[in-house]
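Same order as they appear, the protein sequences are chains A and B. Residue 1010 in the numbering used here is what sits at position 28 of the first sequence, and the numbering runs on without skipping anything. Residue 85 in the numbering used here is what sits at position 61 of the second sequence, and the numbering runs on without skipping anything.
Misleading hints may appear alongside valid ones.
To be verified - Some chain A residues well away from chain B (every beta-carbon gap over 12 Å; in silico):
1) F994
2) D1041
3) S1049
4) K1053
5) S1055
6) P1057
7) T1059
8) S1062
9) A1074
10) Q1083
What the hints assert, rightly or not - With a cut-off of at most 27 Å between alpha-carbon atoms, the simulated DSS-like pairs for lysine-lysine come out as follows:
11) K94(B) with K135(B)
12) K1065(A) with K66(B)
13) K1052(A) with K66(B)
14) K1052(A) with K135(B)
15) K991(A) with K123(B)
Claimed, not checked - Beta-carbon label-pair distances, calculated as ranges:
16) K996(A) with E27(B): 35 to 41 Å
17) G83(B) with K996(A): 24 to 30 Å
18) S97(B) with G998(A): 31 to 37 Å
Honestly, the hints are just simulated from the structure, not real lab data. Glycine is no exception: its CB is placed at the ideal position from the N, C-alpha and C atoms.
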Amino acid sequence: DGGITQSPKYLFRKEGQNVTLSCEQNLNHDAMYWYRQDPGQGLRLIYYSQIVNDFQKGDIAEGYSVSREKKESFPLTVTSAQKNPTAFYLCASSTIQGYEQYFGPGTRLTVT
Amino acid sequence: QKEVEQDPGPLSVPEGAIVSLNCTYSNSAFQYFMWYRQYSRKGPELLMYTYSSGNKEDGRFTAQVDKSSKYISLFIRDSQPSDSATYLCAMTILDNFNKFYFGSGTKLNVKP
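Please model the entire structure based on the sequences and the hints provided.
What follows is the structure, given as structure tokens:
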């Protein structure tokens, strides 16, 4: 059963703590993406990766970091430098040639 | 000005109605267009994609693209309560990197 998994579904952290969100895909996709979704603002691109061991900043990368050590995995770390980290985080993947992105179920992060 | 504009709604219709969801865009380089459906607290699900002007039909759904007016639409015929969700339009330029530009989403409520 192919797809994208994100864990955990809900995450609560205290301000000042780093937190890592997991994203795994078994679709054999080369490209992976992280988005942030806030009410009324659509999806904003945080980071993307087209190949293992390579990734690029998106539109709102400040306060976030990623790694891509395996094709299947693209974890996102929300650091204490992110000013407003409470949001719904979505991971997506696609083939390099394809133009459709497939999304995971999302992680809702709440920082207090 | 956002590159993709989408009326946030909410849009409330009775069951069986025809629904029209719309997006406008400013960048004439966009060539590939997608519609996603997102249920509450879930990841977006790809509904339809098209890269040419005109209509594309899939069951009760029809995607329409008018590149001359920079306007895309999604029509839902015989709407059902299960269609109640937020609908996101997305578009991209056909180059090496598939950066997607998303609308903010329209929330649809189909009343039984």
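Do the hints match the structure? See the list:
Distance to chain B confirms F994(A) as a non-interface residue, since its nearest Cβ pair spans about 15 Å, more than 12 Å. With a least beta-carbon separation of about 9 Å from chain B, D1041(A) fails to lie farther than 12 Å from that chain, contradicting its non-interface assignment. Against the 12 Å criterion, S1049(A) stays outside the reach of chain B, whose nearest CB is about 19 Å from its own CB. Distance check on K1053(A): its Cβ is at least 17 Å (rounded) from any Cβ of chain B, clearing the 12 Å threshold; non-interface status holds.
The Cβ of S1055(A) lies farther than 12 Å from every Cβ of chain B, with a closest approach of about 17 Å, so its non-interface assignment holds. Distance to chain B confirms P1057(A) as a non-interface residue, since its nearest Cβ pair spans about 17 Å, more than 12 Å. With a cut of 12 Å on Cβ distances, T1059(A) stays outside the contact zone with chain B, its closest approach being about 20 Å. Every CB of chain B is more than 12 Å from the CB of S1062(A) (nearest about 26 Å), matching its label as outside the interface.
Non-interface status of A1074(A) relative to chain B is broken: a Cβ of that chain comes within 12 Å, the nearest being about 8 Å off. Taking the minimum C-beta to C-beta distance to chain B, about 6 Å, the non-interface status of Q1083(A) is violated against the 12 Å cut. For the hint pairing K94(B) with K135(B), the CA-to-CA distance comes to about 31 Å; that exceeds 27 Å, so the pair is violated. Straight-line distance between C-alpha atoms of K1065(A) and K66(B) comes to about 25 Å, which keeps the hinted pair within the 27 Å bound.
With a C-alpha separation of about 25 Å, the suggested pairing of K1052(A) with K66(B) holds against the 27 Å cut-off. For a cut-off of 27 Å, the pair hint linking K1052(A) to K135(B) is broken: about 45 Å separates their Cα positions. In summary, the hint linking K991(A) to K123(B) is supported, as the alpha carbons are separated by about 25 Å, within the 27 Å threshold. The hinted window of 35 to 41 Å between K996(A) and E27(B) holds, with their beta carbons roughly 36 Å apart.
With their beta carbons about 47 Å apart, G83(B) and K996(A) fall outside the hinted range of 24 to 30 Å. Separated by about 46 Å at the C-beta atoms, S97(B) and G998(A) break the suggested range of 31 to 37 Å.
Checked against the numbered hints listed earlier, the structure breaks hints 2, 9, 10, 11, 14, 17 and 18; every other hint is satisfied.
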